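K.L.:
One letter stands for each residue in the lines below.
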Amino acid sequence: MNHHAMKIDYTSSPDETGEVDPVFGGVLHEAHTCPNCGRTELRKAE
Amino acid sequence: MDTKPLFIPVILGTTRKGRASENVAKYVFGEVKKRENVETELLDLRDMKFPTDDAGESIKDPQFSETVSRADGLVLVVPEYNHGYPGLLKHVLDTNLKEYIHKAVGVCGVSAGGFGGVRMIQNLLPVLRELGLVTIFWDGNFSGAQKLFNDAGRLLDDSYIKRIDQFLKELIWMSTVLRYGRQKVSL
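Going down the list, the sequences are from chains A and B.
In this text, residue positions in the first sequence follow this note's numbering: the first is 846, and each later residue adds one.
In this text, residue positions in the second sequence follow this note's numbering: the first is 12, and each later residue adds one.
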């Protein structure tokens, strides 16, 4: 998978409160696209 | 480089009865279909049923999401309503997110008056940007839309041919570059 973008999710649930990045104010997600099929998935940034 | 055809669907962004945008969408769809190595579909908001007692990704429609997920670019055909875009379009767009990231989008504005939806486009751009889409710097501006097509839906003003040709050239270029970037260029 190719990691090509970071995206902030501002609509995080209470369960994700601890995962809110203090700099960006939301939960950071990584966008990964498969170089073969082209599908993109979002994963929470580590 | 990935040589499979680009997939660039055209989305008709209003359900209003008597919508002039329908002729515009069909015209633009026809022009996209002519492009070599580009596949397309015409997606009509009228054919989509989204609940109004919830919003966002929790009301994602699997078929619409799958289509956008496959897309390399989008054409949005959108009328200007009170200087803005239709609320229903926003409601539908908001049901996806990852499906849009680093994909190209071009907007064709439609108006009854003389400005071709420019105010709507200026209001829509920040929304598209936040969704992760990459907007091109060419627009389609279809003004006086009620009189632009004959009863059979044929375009009566040939000046749009060259404008939409340029619009699609830019959109196809951006779609191609971004597909390569999504697949091969790491952050």
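Be aware that a few hints might be false.
[What the hints assert, rightly or not] Taking CB as the label site, the calculated pair distances span:
id, chain 1, residue 1, chain 2, residue 2, range
1, A, Met846, B, Asp176, 29 to 37 Å
2, B, Ser170, A, Gly870, 24 to 32 Å
3, A, Gly870, B, Asp169, 25 to 33 Å
4, A, Val868, B, Asp168, 49 to 57 Å
5, B, Asp105, A, Arg888, 37 to 45 Å
6, B, Gly155, A, Gly870, 16 to 24 Å
7, B, Glu68, A, Phe869, 16 to 24 Å
8, A, Met846, B, Asp64, 34 to 42 Å
9, B, Trp184, A, Asn881, 19 to 27 Å
10, A, Val868, B, Gly41, 21 to 29 Å
[As the list claims (entries may be wrong)] DSS-like mimics (lysine-lysine), calculated; alpha carbons at most 30 Å apart, straight line:
id, chain 1, residue 1, chain 2, residue 2
11, B, Lys15, A, Lys852
12, A, Lys889, B, Lys180
13, B, Lys71, A, Lys889
14, B, Lys195, B, Lys173
15, B, Lys101, A, Lys852
16, B, Lys195, A, Lys889
17, A, Lys852, B, Lys195
18, A, Lys852, B, Lys71
19, A, Lys852, B, Lys173
Simulated from the structure, these hints should not be mistaken for laboratory data.
Model, not experiment: these values are computed from the prediction.
Ideal Cβ positions, reconstructed from N, Cα and C, are used throughout, including at glycine.
K.L.:
Looking back at the hints listed earlier, which ones does the structure fail to meet?
P.N.:
2, 3, 5, 6, 10, 12, 14, 19
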